[in-house]
Amino acid sequence: MSFLTMLVTGLRLSAQGVASLAKHALVLAGALAVSLALAAYSHPDLLEQGEQWLYDRLYERKVAAASLDVEPAALDRVTAVDPLDLTEEQAAAVFWLSRKYKVAPEPLGALVAQAYQLGEKRGLDPKLILSVMAIESRFNPYAQSSVGAQGLMQVMTRVHEEKYQHFGGTLAAFDPVSNMQVGSLILKDCITRFGGVQAGLVCYVGAAKLPNDGGYSSKVLAVHQDLKEATRNSAKVLSRDFKLAQAKRSGEPQLHVGKALAKQATQAQGSKIQPVDAALGDLAALVEKGKSQARLLAHSGAEGAAPQATQ
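Yeah, the sequence shown ends on 533 if you go by the numbering used here, and it's all consecutive.
Where hints are given, some of them may not hold.
Simulated crosslink set (SDA-like; lysine to any residue; CA at most 25 Å straight-line) [unchecked claim]:
1. Lys343 - Gly391
2. Lys458 - Arg321
3. Lys441 - Asp304
4. Lys431 - Glu383
5. Lys470 - Ser320
6. Lys441 - Gly391
7. Lys343 - Asp304
8. Lys343 - Lys431
9. Lys450 - Ile408
Since the hints were made in silico from the structure, they are not lab data.
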């Protein structure tokens, strides 16, 4: 057999091998596709997971390709304060309001700090300012009523337009700090003109000439009372983690703070257990008294039975 014949035969065999391999690969790929289709049909959750995985990969690539503007000064536009930077009373107000109205503590920290500053400046209880905001907007700085009241303290912007000129115009109604400045000024004016907090609240809501205020003043005063109670009992409002972080920042040994917190918890638990202990003591006394009476009755019965047996 010549070399050329051998070469042709070898090439033919190689081609047949490649064709056979390709054929088997196609069969394997088809079988795999059918298996995947059956798995997806019988397990829809797998298909959903696969789609989610593919979407996540594509989204990550898209985000990675997108260019973001670098703004280191963006933090300066954020109205937020770490509660650790506040007094204990202010921090208690922050966490109580945060839990009640489902608002993050840090933005509330800025509002509480501002309320205390304005309270001192205007001669108002800062907790009253916060209570008005709670009822008016639930601490939503972008709130707007059907009659045009806007912002945290729901100031009627078109009525008090001139006041907002000090802050650059009426769009400042949606700036939390500016809205609180204007709102607290109006609240103070109402209280001064009408001679009291409740009457001032009626004026603030625009019901001074109406038969009633629809319960507005009562709602504000109820929140005000609860908030005062929370700040008076800050130890109950502030979490253990917050107290430890506060102690760490002030340099107080954490072990000492931990012992103090444990003592408070023990005292609180003891105050709950004491009534139960007293009740159990009373019950034990009653049982003992019952036993004594039973013994006396048994003894009396025995004495009565003895003469009868003699007769």
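Quick one, are Lys441 and Gly391 close enough, alpha carbons at most 25 Å?
Violated, because 31 Å separates the two Cα atoms, which is more than 25 Å.
Please work out if Lys441 and Asp304 have their alpha carbons no farther apart than 25 Å.
violated (29 Å)
Can the restraint linking Lys343 and Asp304 be considered satisfied, given a maximum Cα separation of 25 Å?
holds (23 Å)
Can the restraint linking Lys458 and Arg321 be considered satisfied, given a maximum Cα separation of 25 Å?
holds (13 Å)
Holds or violated: Lys470 with Ser320, Cα cutoff 25 Å?
holds (23 Å)
Regarding the pair Lys343 and Gly391, is the alpha-carbon distance no greater than 25 Å?
The given pair, whose Cα atoms are some 23 Å apart, holds under the 25 Å limit.
Given the hint that Lys343 pairs with Lys431, test it: the Cα-Cα distance must not exceed 25 Å.
Roughly 29 Å separates the two Cα atoms, so the pair is violated.
Mind checking the alpha carbons of Lys431 and Glu383 for me, to see if they're no more than 25 Å apart?
Holds, at about 22 Å.
Between Lys450 and Ile408, is the straight-line Cα distance small enough, at 25 Å or below?
Satisfied, since the Cα-Cα distance of roughly 22 Å is no more than 25 Å.
Figure legend: structure checked against the earlier numbered hints; hints not met, in rising order: 3, 6 and 8.
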